[in-house]
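Residue numbers (my numbering), protein chains in the order written: chain F, 802 to 1110; chain Z, 5 to 336.
Just so you know, the hints here were simulated from the structure itself, not pulled from any lab data. Predicted model, so just to flag it, every value in this text is computed and none were measured. Among the hints, a few may not be true.
[What the hints assert, rightly or not] Quick list of the computed label-pair ranges, beta carbon to beta carbon:
id	chain 1	residue 1	chain 2	residue 2	range
1	F	Arg1103	Z	Leu83	29 to 35 Å
2	F	Glu856	Z	Glu232	42 to 48 Å
3	F	Gly938	Z	Asp89	25 to 31 Å
4	F	Asp1002	Z	Gly65	53 to 59 Å
5	Z	Ile272	F	Lys884	23 to 29 Å
6	F	Asp834	Z	Glu212	54 to 60 Å
7	F	Ala830	Z	Asp273	50 to 56 Å
8	F	Gly1082	Z	Asp273	54 to 60 Å
9	Z	Glu232	F	Asp1002	27 to 33 Å
10	F	Pro1016	Z	Glu232	20 to 26 Å
11	Z	Arg143	F	Gly938	24 to 30 Å
12	Z	Glu258	F	Asp827	37 to 43 Å
[Stated by the list, open to error] Listed below are the simulated DSSO-like cross-link pairs for lysine-lysine, each with C-alpha atoms no more than 30 Å apart in a straight line:
id	chain 1	residue 1	chain 2	residue 2
13	Z	Lys233	Z	Lys288
14	F	Lys888	Z	Lys160
15	F	Lys884	Z	Lys288
16	F	Lys810	F	Lys884
Glycine included, each C-beta is placed from N, C-alpha and C at the ideal position.
Here's the letter readout for the chains.
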Amino acid sequence: MAVTEMTTKLTLGPIAYHWPAERRRDFYARIADEAPVDEVYLGEVICSKRAPFHEGELPEIIERLERAGKTVIVSTLAEVMLKRERKATDDLAVMDTPEIEVNNAAGLYARGRRPHRIGPFMNAYNEATIAWMAGQGATHVCLPTELPAEAIAVAAAAARDEGLGVEVQVFGRASLAVSARCYHARAHGRTKDNCRFVCEDDPDGMPLRTRDDAPILRVNGIQTQSESYVDLLPEADRLVADGVTHLRLMPQDVDMVAVAGVFRDVLDGALPVDEADGRLGVLSGAVNLSNGFYHGAAGYRRIAMAART
Amino acid sequence: MSLAELICPAGTPAALRTAVDAGADAVYCGFQDATNARNFPGLNFTPDELAEAVTYAHARGTKVLLALNTYPPAGKVDLWRQAADTGARLGVDAFIVADMGVADYIARTHPGVRLHLSVQAAASSPEAIRYYCEHFGVRRVVLPRILTIPEIRQIKREIPCEIETFIFGNHGLMVEGRCSLTNYLTGQSTNMDGVCSPASDVEYARHEDGSMSSQLAGFTIDRFGPEEKAGYPTICKGRYTAPHRPEGYYAFEEPVSLNLSRLLPELIDAGVHAFKIEGRQRSKSYVRGVVRAFRAAVDDIRAGREANMADLVALTEGQKQTQGAFETKKWR
């Protein structure tokens, strides 16, 4: 068991939010220097309008991360509809390095049988789909965030039989929906075309509350996210035992270096899970942690340790 | 003539017969399980009922399309395969699919049955559509409700298959097949279980001031004044507050329904092959009224006559209507 745990990789997913270029540069510099993550996904996944703000910095960031020994993967857009989105997807898909994570069937079409990773928006829910994708050149699959434990185990076994890496999101807000409409712009009485990048004001998403004032969802441009951060730290052992090879941390507006450290320590057996999860709670501030999807319950729920089997 | 086929909802055997009698070119339906995206209590077909339905429809020249348009979670793939095998045995005219594993299985196992790509696959570009056409032999794509008519016209030029668009009914806001909102609040998944804001989790709470909350799994999705009509708590049609919107607003969309009756000629001109009417959860009388009205409108348009749209507009029962993204990209 220890050998398997040693090889479990921690990854940092792509930044979902519209963080300014300077913030991104500083963020990744710190990740490169300090965060115990093995692989880092870059690139704009949510909104094609944002990409010009930071794609100029990408080569430098990639170089910085690779120099620090991280594997870099560039993720493609989740939604591809407009000309610029089709072109951005095509451009990425023909690159030889770094690795590519595809998040839309348009990307699969452009990529053909060249090696690629399957992103969480690709709906790789089951062993038949994973086998199909493997046959088309996929080398790695990130499973949908809502997949429960039993299905993850079956999917992971199938993926490993095909020689694929298997990834599950273990920290950060879950993507719950994407739309053609920008809900950030809508909230400010604008449309997507004249949004004036108001999403930049919310580095951890714009909170929506119910009309009796319960926090419920977060808006991030065209994306709707969970209010809670997914936290599968206590489930990490079982994920690894079930064949998951990569654990994904989604960048939130918290100390991600410390978050990565807590996960790394648990994987290395250097920190008891209870204590580690307590630290994660502190790092997450006022945001609730949840693991409902994994346990087949409502996603926002936090299934207590005692109730776990 | 195959142009402007009318594709009508059949939530029950009775609704299916009603739609066929009212002039549907094709009906779409599903089994009573998670294999389709309208897995609601009291809806859908047993295999025996589907057998009768196929016989009834075929005798009247109507096609039957079987929706297998959810995503099997790992370990449960057999349920979808058995559904496909049953559908093929009963002689359905096409399968409507979203999952690549399901599409691959049907393409290999039942190559004689047409494959339609469900809106749940969210194929919104020519490249994505071509992926499914080239790999699985998909013959028709049901387009997401997010494209303008000029965009549909452009897509049609670049793909080798037919296009079906929604023209009437519930107006989904999120990209289909990528929405876990219901699972987040209720523990039942739209993609894996075919469930959306399920009635079993709905409660209406009356407050002392006469206002009413509509709730899903204990979350208030909207609150209505004493004079307002309380709406169904569909998550993406609720009112919420944001830091600078303390009054509560429709964060995603108002509870409007889609009605493209005025755009039918333009859609035909853009190359749309088939028109889909949403509403497998609707009553027989609703299905009869909507199908009849659209049948008459499509026949008028085909014959070069001015279509009478007043009946279609009246069908929305006073509900607000939208032409959504089809009319203008300002919708986005």
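Verification of the supplied hints:
{"no.": "1", "hint": "F/Arg1103 / Z/Leu83: 29 to 35 Å", "verdict": "holds (30 Å)"}
{"no.": "2", "hint": "F/Glu856 / Z/Glu232: 42 to 48 Å", "verdict": "holds (47 Å)"}
{"no.": "3", "hint": "F/Gly938 / Z/Asp89: 25 to 31 Å", "verdict": "holds (29 Å)"}
{"no.": "4", "hint": "F/Asp1002 / Z/Gly65: 53 to 59 Å", "verdict": "holds (58 Å)"}
{"no.": "5", "hint": "Z/Ile272 / F/Lys884: 23 to 29 Å", "verdict": "holds (25 Å)"}
{"no.": "6", "hint": "F/Asp834 / Z/Glu212: 54 to 60 Å", "verdict": "holds (58 Å)"}
{"no.": "7", "hint": "F/Ala830 / Z/Asp273: 50 to 56 Å", "verdict": "holds (54 Å)"}
{"no.": "8", "hint": "F/Gly1082 / Z/Asp273: 54 to 60 Å", "verdict": "holds (58 Å)"}
{"no.": "9", "hint": "Z/Glu232 / F/Asp1002: 27 to 33 Å", "verdict": "holds (32 Å)"}
{"no.": "10", "hint": "F/Pro1016 / Z/Glu232: 20 to 26 Å", "verdict": "holds (24 Å)"}
{"no.": "11", "hint": "Z/Arg143 / F/Gly938: 24 to 30 Å", "verdict": "holds (25 Å)"}
{"no.": "12", "hint": "Z/Glu258 / F/Asp827: 37 to 43 Å", "verdict": "holds (41 Å)"}
{"no.": "13", "hint": "Z/Lys233 / Z/Lys288", "verdict": "holds (24 Å)"}
{"no.": "14", "hint": "F/Lys888 / Z/Lys160", "verdict": "holds (18 Å)"}
{"no.": "15", "hint": "F/Lys884 / Z/Lys288", "verdict": "violated (42 Å)"}
{"no.": "16", "hint": "F/Lys810 / F/Lys884", "verdict": "violated (36 Å)"}
Comparing the model with each numbered hint stated earlier shows that hints 15, 16 do not hold.
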